[in-house]
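This is what each chain is made of:
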Amino acid sequence: MEWVNAIVQGILLGGLFALFATGLSLAFGVMRFVNLAHGDLAILAAFLAVSFASTLDVNPFVTMALVVPIMAAGGYVLQRFGFNWSIGADPLPSILVTFGLAVVIQNALLEQYSADSQGLDVGSFETRSIEFTDDIAVGWFPVLILGVAVVVLVGLQLFLSFTRMGRAFRATSDNPSTARLMGINDRNIYAVVMAIAFATVAVAGLFLGIRQTFGPTDGPAQLIFAFEAVVIGGLGSLWGTLLGGIILGVAQTVGNQVDVEYNVLSGPLFGHLIFLVVLAVRPSGLLGRRQG
Amino acid sequence: MSGYRISRRTPESTVGLIGFGALVVVLATLPWWDSDGSLQTPLVAILYYLALAQMWNLLAGFAGLVSIGQQMFVGIGVYGLLQMAEVGGVDPYVAIPLAGLLAAALSIPVAAFAFRLRGGYFAIGTWVVAEVMRLLTTESNDFRGGDVRALTRESLGGYSLETRTNSVYWLALALAVGGTAIVVLVLRSRLGLALRAARDNEGGARSLGVSIGRAQLVTWVVVAFWTGCTGAVILLHTTSTTAGSAFSVTRWTALVIFMVVIGGVGSTTGPIIGVLVYWIIDEQLGDADAWRFIILGGIAAVMATVAPKGVYGLIQQWRPLQFFPVRRSLAGGLSTNSPPQSAEPEAVVEEGQ
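As they're listed, the protein sequences go chains A and B.
What the first sequence shows, in numbering that gives the first Met the number 0, is residues 0 to 291, in sequence order.
What the second sequence shows, in numbering that gives the first Met the number 0, is residues 0 to 352, in sequence order.
The reader is advised that the hints may include incorrect statements.
Here are a few chain A residues that face chain B, going by a calculated C-beta distance under 10 angstroms [claimed, not checked]:
1. Trp84
2. Ile94
3. Gly99
4. Leu100
5. Glu227
Just so you know, the hints here were simulated from the structure itself, not pulled from any lab data.
Note that the Cβ used here is the ideal one computed from N, Cα and C, for glycine as well.
Please work from the sequences and hints to get the whole structure.
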């Protein structure tokens, strides 16, 4: 029964990974842009929530109403007046810019908040759960995270399929110069994409902060998990991202269970190995389109 | 076409080589005239950082392989030497090239995974592999990477402290000079021509029969070897380690990337400038570790957008100096029946160095 429980918990954990991966997947899909500061932005959002929750004396859930718009605005401005300069056929400038930003965020957080671990306390909701059997209990909060992840991904898919702006996203993704000829301002599109990416990763960062304690240097690990979810699921597929997140989540919780029972491997390591296996066997990911 | 010749030499490259040679001689004799070690001590780290910077630049600036996993090769070098010297009883100096070979051997299966990814995803992919190696080292009962492990007196081979201090310095110098020489030699070879052709126009290079994947793999393995040797020397310098510090992304990759980006990606002189800039900033900051990363990371991020060729690129805009003879140019031809196109006596045929 421990194994069933591990799988159930893994599926729920996968919701968080999918939420982390959404922004990475979208930015890559529309503008072939890989933001190496993605994980650090989530941690930054969580720290902002800590500050707001203590100065305004409100529940961390409430701070979401502040943190998410702030992060989205930051993403828009940063892309419009910064990252856009580094976009081009050569991926090197964008890698260097975002990697520099990642290290700056980590160390600025370290300087501002010290290396101590922080947590976001939302009260009893965090620990409430439904017990199915003695061994299997499903927490309300992990269910909420998975639910939000599904809503975000479905919403994004509908947005891409049925709105004018979503069509502009897809057109820019297919061919930016032709899209420009049709009157689409691609630099604005890129900035909106980054705003959405920042908003989703801010939500993910807040959920992470509620789920567990976190420190200024936890960003890279979140970037790596998000990236693994994207690659497992398949580049450029939002449903793949959800599937990839769930597979990674299950791999990690099952890995932890293996560690408990046999004292070999740990959760994250097991997740990395599953990622490498998928990369070796199916480099385009489970739901990704084959590419050259 | 008689009278034309392809030349790599320029007046300043002759000056550059003589100056570089003289500098190496001065540095090599340093232990005899810098008796209190006030220069020697900080130079050890500066020199092995130059070796790491040249290697990362060869990958990212020339081979199109932007790796954020260089710490895996440093870590393999560190733990390779540690295990060989501690468990195998190998002389530590003999173990240095062996550790490099180990890194080179392991780099091939790593490439089998990482080369499936491109651009930014290649960068994170190499990072994941380095992370896997760090975790395996931490969790392994043989490597005990979670504990601080130090080289004991016996495994250091019974050499005196002075011998070790000086030999580590000379080794670091050899790694820096050798690393620079490797880049120059690779760029002058057919391999370097293939890499740069691929970088400038991948489709064009392919259609001319350049095997890009093979050229990248060879470069990757060479870089792994030299970075692994550097890791081994780093352990001889520090004499103790944990998996966390041996496989540290900030120390062995982030700092190195910042140096190269500030100095100039895609040139041989850039990493040297970058390491010197780092040295100056580092001396000013002392122990303010977080600020060091904020300042260096900030400068690197801004430079990558506004001056993608770094300080060296800015110098080049002012005056096109070429200190290392790696770029071919067409010279001569004026004295014979010049075809009308040769109105320009010297045309650069290969861009981007």
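Each hint tested on the structure:
1. Trp84: OK, holds: A:Trp84 within 10 angstroms of chain B, min 4 angstroms.
2. Ile94: 5 angstroms, holds
3. Gly99: The hint holds - A:Gly99 has a Cβ within 10 angstroms of chain B, the shortest such distance being about 3 angstroms.
4. Leu100: Holds. Min distance 5 angstroms.
5. Glu227: 7 angstroms, holds
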